[in-house]
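K.L.:
Listed here are the chains, written in short residue letters.
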Amino acid sequence: KAGVTQTPRYLIKTRGQQVTLSCSPISGHRSVSWYQQTPGQGLQFLFEYFSETQRNKGNFPGRFSGRQFSNSRSEMNVSTLELGDSALYLCASSFLGGEMGEQFFGPGTRLTVL
Amino acid sequence: AQTVTQSQPEMSVQEAETVTLSCTYDTSESDYYLFWYKQPPSRQMILVIRQEAYKQQNATENRFSVNFQKAAKSFSLKISDSQLGDAAMYFCAYRSGLTGANSKLTFGKGITLSVRP
Numbered sequence: 137k138a139g140v141t142q143t144p145r146y147l148i149k150t151r152g153q154q155v156t157l158s159c160s161p162i163s164g165h166r167s168v169s170w171y172q173q174t175p176g177q178g179l180q181f182l183f184e185y186f187s188e189t190q191r192n193k194g195n196f197p198g199r200f201s202g203r204q205f206s207n208s209r210s211e212m213n214v215s216t217l218e219l220g221d222s223a224l225y226l227c228a229s230s231f232l233g234g235e236m237g238e239q240f241f242g243p244g245t246r247l248t249v250l
Numbered sequence: 091a092q093t094v095t096q097s098q099p100e101m102s103v104q105e106a107e108t109v110t111l112s113c114t115y116d117t118s119e120s121d122y123y124l125f126w127y128k129q130p131p132s133r134q135m136i137l138v139i140r141q142e143a144y145k146q147q148n149a150t151e152n153r154f155s156v157n158f159q160k161a162a163k164s165f166s167l168k169i170s171d172s173q174l175g176d177a178a179m180y181f182c183a184y185r186s187g188l189t190g191a192n193s194k195l196t197f198g199k200g201i202t203l204s205v206r207p
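In order, the protein sequences belong to chains A and B.
Going from the first sequence to this note's numbering is simple: count from 1 and add 136.
Going from the second sequence to this note's numbering is simple: count from 1 and add 90.
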């Protein structure tokens with residue numbers, strides 16, 4: 137099976153712009169979670185989608201949003217970018233129902249905000 | 091809220107030796123899952139080992155094993171016969187359930203492990 141894929145792998149934006157990141161889960165997985173990783177804050181949970189519905193949300197401002205499509209692919213959007221949004225954004229998928237909730241991670245998208 | 095603490099930011103081990111990485115967590119729940127993830131310089135998060143809280147037996151995966159002390163809320167990772175490829179950042183993570191509002195992973199700050207040849 138192909139693993140979790142994320143596009144693009146690297147992105148450079150300027151303050152005030154918006155950005156959309158994409159995640160394709162492992163075939164058959166219905167849950168997609170997003171995490172932000174920064175040196176200062178570590179790994180923080182953004183949100184989780186299951187069957188096109190947001191099921192869980194972390195403590196991030198409304199500028200961070202996401203969605204999931206019928207094929208389980210997910211996108212996250214960050215509007216009005218700030219310097220502090222520079223981070224590695226990780227997507228993880230899981231089957232939910234087996235393997236103890238194991239989440240499989242993608243390679244991440246490195247976002248740099250100038 | 092659940093918290094995961096990894097108090098050692100860095101550790102070093104000699105190749106072929108054994109090293110133990112510490113992790114403690116705080117939760118009021120009785121049913122949950124614990125994980126150790128490895129993040130090499132490529133930044134790809136890789137699951138190393140997992141433990142179900144209701145299982146008393148400690149999980150083992152080849153050279154990796156855990157010491158799970160539920161009462162003490164401790165979950166340490168032991169790496170035996172350390173190899174150069176084990177050098178990475180290791181994260182301890184907690185997940186309270188498969189479904190529902192608490193299905194997210196809560197991570198510790200991570201520990202950077204270096205392996206000396």
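Don't read these hints as lab results, they were simulated from the structure.
Each hint should be verified, as a subset may be incorrect.
Stated by the list, open to error - With a straight-line Cα cutoff of 27 Å, these simulated DSS-like cross-link-like pairs (lysine-lysine) come out:
(1) B:K145 <-> B:K199
(2) B:K160 <-> B:K199
(3) B:K168 <-> B:K199
(4) B:K168 <-> A:K149
(5) B:K168 <-> A:K193
(6) B:K163 <-> B:K145
Note that this is a predicted model, so its numbers are computed, not measured.
K.L.:
Going straight from one Cα to the other, do K145 of chain B and K199 of chain B come out at no more than 27 Å?
P.N.:
holds (26 Å)
K.L.:
Can you confirm whether the C-alpha distance between K168 of chain B and K149 of chain A stays at or below 27 Å?
P.N.:
violated (41 Å)
K.L.:
Under the criterion that the straight-line Cα-Cα distance not exceed 27 Å, is the pair K168 of chain B, K193 of chain A satisfied?
P.N.:
Distance of about 33 Å is beyond 27 Å: violated.
K.L.:
Are K168 of chain B and K199 of chain B close enough, with their CA atoms no more than 27 Å apart?
P.N.:
Roughly 18 Å between the alpha carbons, so the hint for K168 of chain B and K199 of chain B holds.
K.L.:
CA of K160 of chain B to CA of K199 of chain B, is that 27 Å or under?
P.N.:
holds (21 Å)
K.L.:
With a cut-off of 27 Å on the C-alpha distance, tell me whether K163 of chain B and K145 of chain B pass.
P.N.:
With Cα atoms ~14 Å apart, K163 of chain B and K145 of chain B stay inside 27 Å; holds.
Comparing the model with each numbered hint stated earlier shows that hints 4, 5 do not hold.
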